[in-house]
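Keeping their order, the protein sequence lines are chains A and B.
Residue numbers are given in our numbering: position 367 of the first sequence equals residue 367, and the series is strictly consecutive.
Residue numbers are given in our numbering: position 100 of the second sequence equals residue 100, and the series is strictly consecutive.
FYI, nobody ran anything at the bench for these hints, they're computed from the structure.
Ideal placement from N, C-alpha and C gives every residue a C-beta, glycine not left out.
Careful: at least some of the hints might be erroneous.
[Said to hold, decoys possible] Residues from chain B shown here face chain A by an in silico Cβ test under 7 Å; the list is partial: (1) R720; (2) F749; (3) D750; (4) L752; (5) D753; (6) G754; (7) G780.
[Said to hold, decoys possible] Listed next, the stretches of chain A that the computed footprint assigns to chain B, with coverage defined by at least 3 CB atoms under 8 Å from CB atoms of chain B: (8) 148-157; (9) 283-293.
[Claimed, not checked] Residues of chain B placed beyond 12 Å of chain A at every Cβ, according to the derived structure: (10) H340; (11) G722; (12) S751; (13) E772; (14) H787.
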Amino acid sequence: MTPVEVPKVGNTVEECIVGEWRKKKGDEVTEGEVIAEIETDKTSFEITAPVSGTLLEIFFQQGDLVPVFTTLCVIGEPGENTGTLGPATAAAPADTPSQGPIPVPAGSAVGVAAASPVGSSPDLQAPAAALSPRAQRFAAEHNFSPGTIAGSGPGGRVLEADLRAAYAAAPAATAAPAPERVSNIRETIARRMRESLSTTAQYTMHTSAGAGGLLALRARFKASPGMGSITIGDMVLFCVVKALQEIPALNAEFIEGRIVRHTEINLGFACDTDRGLFVPVVKQCQKLAIQEISAKVAQLAKQAVQGNIPPDDLKGATFTVSNLGSLGIEGFTPILNSPQVGILGVGAIQLKPVRINGGIALIDSIGLSLTCDHQVIDGAPGARFLQVLAGKIEKVEELCAVGT
Amino acid sequence: MPKSIIIEPEKVFAESSIHFSDIPVNAYHTDLSAFSQSDLLAIWEDMCAIREFETVLNEIKLKQTYRGITYNHAGPAHLSIGQEASAVGMAFGLTPDDHIYGSHRSHGEILAKAFSAIRQLSDARLLEIMQGYRDGAILGPVETRYSGAVKELAFRFFVYGAYSEIFARETGLNRGLGGSMHAFFAPFGIYPNNAIVGGSGSLAPGAALFKRVNRKPGIVVANIGDASFGCGPVWEGITFASMDQYRSLWDEALGGGLPILFHCMNNHYGMGGQPCGETMGCRFIARIGAGVNPDQMHAERVNGYDPLAVIDAFRRKKRVLLEGKGPALLDTITYRISGHSPSDASSYRAKEEIERWAQADSIEAFRREMEESGALPADKLDSARDRVRAMVFEMFSLAADLEASPRISLDSELVGEVMFSNRRVEKFDDRAPEFLQDPAANSRVQQIRGKIRTPLDQGKPVPKMKAYNVRDAIFEAMLHRFAIDPTMIAFGEENRDWGGAFAVYRGMTELLPYHRLFNSPISEAAIVGAAVGYGLEGGRVVAELMYADFMGRAGDEIFNQLSKWQAMSAGQLPLPVVLRISVGAKYGAQHSQDWTALAHHIPGLKVVYPVTPYDAKGMMNAALAGSDPVIFFESQKIYDYGELFMESGVPEGYYEIDLAEPSVKRKGQDLTIITLGPALYTAIAAADNLAAQFGLSAEVIDLRSVNPLNYAPLVESVRRTGKVLLVSDSVERGSVMQTVASNLTQLAFDSLDGPPVVVGSRNWITPAAELEATFFPQPGWLLDAIHERILPLKGYRPGTNQTLGELARRASLGI
């Protein structure tokens, strides 16, 4: 028999969440075949069968939180006894406050027949509605906390059959949905956002830049071979690179009271996926042409969405850009990707009135929201960066002509 | 009760008197002409060697050092300084075929017997024995340091093995597992010493029985002390050994009375009490012989301080025994200078007394006799004494050396490995088994042939008289082994003629000669003791106790002898003994108890309790093919039950059931009921009830085995059902079922929907048969217990109080 363990994917990974099982108990598997997915706080990973054989036993279900190196399942020959390989007890995941003791009003024992004869002293019976070990195991295995439940055992003891019945009836019976346990990724995002807000002095400045150049350039790209997939967002990124080159103070991190200036410009860009926010990083953007940036963004975004982006591509950003323009957001207050000192939010392109030659014209204008860390970047320098960026965006056609 | 012996009223009431003849006391007159010079030298050397052997032990016990060797001996040492002449005299005329069984004070006896045997055996045979004994484990350390004559090597071998054994070393005769009080060495005719006072008194008759039944040469000597004649088992052993039937009913060709000599090493003291003048009334142990049989056991009282007197007495007793006129009793007067044990401050005897006996020292007296008669010159005596002293001291040093003579390590599993021998032995000898008739012609065999062996006969339940029942099953299994193993014998109370109190042996009287099936006296200690002795000698034996309640009568023999000799001999002696014990019913307080718990508790016994014909035959077959002692419990409630579970019936041919395997008698899903003994049938009735009234399907598992026990099927069932109730007819407190319940709780905790519940008889005496339903578990009790403690049954009203409160109340009252 061969036990299959949860691998340690990434240096800091201590536990993973079991994702989808591609095979079920009793299936034949061949060496190298994918049998399940697991998910770390950063990415997901496929588990392949180390040997061929029959999948004899599966010890964890989708959604279970499992420490690394835990035996996930066993492959072997039918008939082999897997008993010794499984977890010693089917323990409920440790970090779930919702699995507390189940309150049961005393005397709710359903199904108890005629009262016990005199002589049954109450303090010898277990506390009202205690769960039998078998019932507890059922609850743990099914991740089931049913709330009030009647026990059919002596003295109202809750037996496995009682839990089984409650479990079967659960969806209809519960009025409010049980609190949902969050995924690893969500937990990570939550933590990082909290930390960012609580350890920095964030402020956001809004401006807008004329988008005519962006639109025109986009039309031109569409007509050029090999450039058709470059988006407005890619162009904005390109402009950000140029702006950072001019005002490198924003290409920095504030770590333990020290400003760490970076020579490389690694742009992180926010990417929305089913599992939550990912921020892939395009490395060394200062060396890249716009089409290279665009290709890189497209590739990384795809991987993030699919869930197989390499962990290294999620690290090392020096400045982050978050684009919500396609969702109609005009301006917003992006949260710093701490310890970076700046993050740019990009909004939608809207019509805006401007004075031109004594008259009023309506132009396309793209929203720009820059959040800076006031610990490092004061309002004026921050504003100047925004001004420079806006200028780059308005002159993007020239920039690209030069940078092609 | 042979009908051939008629009790005639006229004869019985006629006037007459009982006559006794004088018992000789110290009647020996010295006759040196009967001994060669080398004989006398041998006697001298052996006495000196023994004296030195014991002196070494005495010194290191008291001072922790002797002649430069420091050693702290932590174990017991019951020394016999002063008794050398008796030991040497005893052993002088015995051959290796003569077997001695001893007491806790038998160092001198085993040394003397060994020296005597060594002188009689050829060099080739000695080498074979020493090299073959545990693959030379004892010989090894000795022969690397000595390269002289084989006989001298053999002396050293034995002295070294004896010291090693006393010091609990692996190089000891019993690998250190027997110690001072249990040492033995079978190749020299030295059988186990017994730490239980008088223990050999009930075992040795069994050994003598073995010689008689299997026509083996030699006699058996039980070396026991004067105070041991206060012990019941000794009297029972004497009774068993002196049965008339050996000479009046058994085949004359076998040889007559048992060839056993009860040799009383009369040193005038128990531990401190004095049998003569204080704790007993017979004054001379020899007097006891006069009360036992018309031969007065050929009793004599001899001077144990004169080795020649003892030699002479033994010569004559041995001849009497070999003529088939045994048993015999010898009262050998001796005295120990050393205390009972090293902690003995001799507060019970006057210093003057000890001094006077030291003056009368037998070794010095013998020396004077040799010198004065000219038989041996002083220098020869001195050099011989120095030589043997040096040899003994050398072997002591070797044995004390932890490097040369290591102990088994503290994490060794050796003791566990020798608790049971777990061997298969088809037969212990090759002669043709003896029968009085062809088994095929036997009426019982024919009767059984006509019986129905299946639960149903053409779809209908089988009437009791036609059913092949539990009795028949045991009979068939025993018959099978009787026909293969010529050493196999059976005995107990009312076994022959009556056919056993419960008719298990009906028909065997016609089938088997007396020596293979006979009635014992009402002497339970002797019954079990003789079985142990018979087994130790290497024969298969089935002894019977008519009621489990009588186990107390054979307590020492079951719990200190039968259970322990395999381990105490470090696996060198098997004990192929089956002890059939019948559990009573309807016979009241002293005849209805189920004492399986006692046999379960004492390590070293295999214990089974089959209650169906299929199980009984298969398990008896397995027991009779093994080498371990098996307590085979039977229930009087169900001897006449046919096979109700095995649909294919009880096979006519041979089959065995593993003695550790429980048996699922009925499969079910909702709860598990585990049973032991006839409570199986109670559980079946309860299971039927549960199914019919409550739609619950109970799985019923019959343990069949008490020890060893395979838990896997039990755990598998409890894992499935989550609920388990255990029931047996023994009283609830301390029953086997409590141990099983506790272990199941450990093994299947997370599968449990409720705690394992044990139901047993009330912790009372058994009331009269008419009131038994108040005492023994009834089917209703099981439902009551299930309802109260495992799973309330809809609409059920319990008839008895099975609540936890009641459990606690009874416990606090001790009932």
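Quick rundown of the hints versus the structure:
1. Taken as an interface hint, R720/B does not check out: its beta carbon lies about 11 Å from the nearest beta carbon of chain A, beyond 7 Å.
2. Annotation: F749/B was flagged as interfacial toward chain A, and the flag holds, the nearest CB pair being 5 Å apart, inside 7 Å.
3. For D750/B, the shortest C-beta to C-beta distance to chain A is roughly 5 Å, which falls under 7 Å, so the interface hint holds.
4. Annotation: interface hint on L752/B holds; nearest CB of chain A at approximately 5 Å, less than 7 Å.
5. Contact between D753/B and chain A, as hinted, is supported at the beta carbon level, the nearest pair being about 4 Å apart and thus within 7 Å.
6. Proximity of G754/B to chain A holds as hinted, the smallest CB-CB distance being about 6 Å (cut-off 7 Å).
7. Using the Cβ-Cβ criterion of 7 Å, the hint placing G780/B at the interface with chain A is not satisfied: the shortest such distance is roughly 14 Å.
8. Figure legend: the stretch 148-157 of chain A, annotated as covered by chain B; annotation consistent (4 residues with Cβ-Cβ distances under 8 Å, at least 3 required).
9. Only residues whose C-beta sits within less than 8 Å of a C-beta in chain B count toward coverage, and the stretch 283-293 of chain A has 0 of them, not enough to reach three; the restraint is violated.
10. The Cβ of H340/B sits about 53 Å from the closest Cβ of chain A, beyond the 12 Å cut-off, so the non-interface label holds.
11. With a cut of 12 Å on Cβ distances, G722/B falls inside the contact zone with chain A, its closest approach being about 5 Å.
12. With a cut of 12 Å on Cβ distances, S751/B falls inside the contact zone with chain A, its closest approach being about 5 Å.
13. Distance check for E772/B against chain A: the nearest CB is about 23 Å away, which clears 12 Å, and the non-interface claim stands.
14. Residue-level check failed: H787/B sits 7 Å from the nearest beta carbon of chain A, not beyond 12 Å.
Checked against the numbered hints above, the structure breaks hints 1, 7, 9, 11, 12 and 14 and satisfies the rest.
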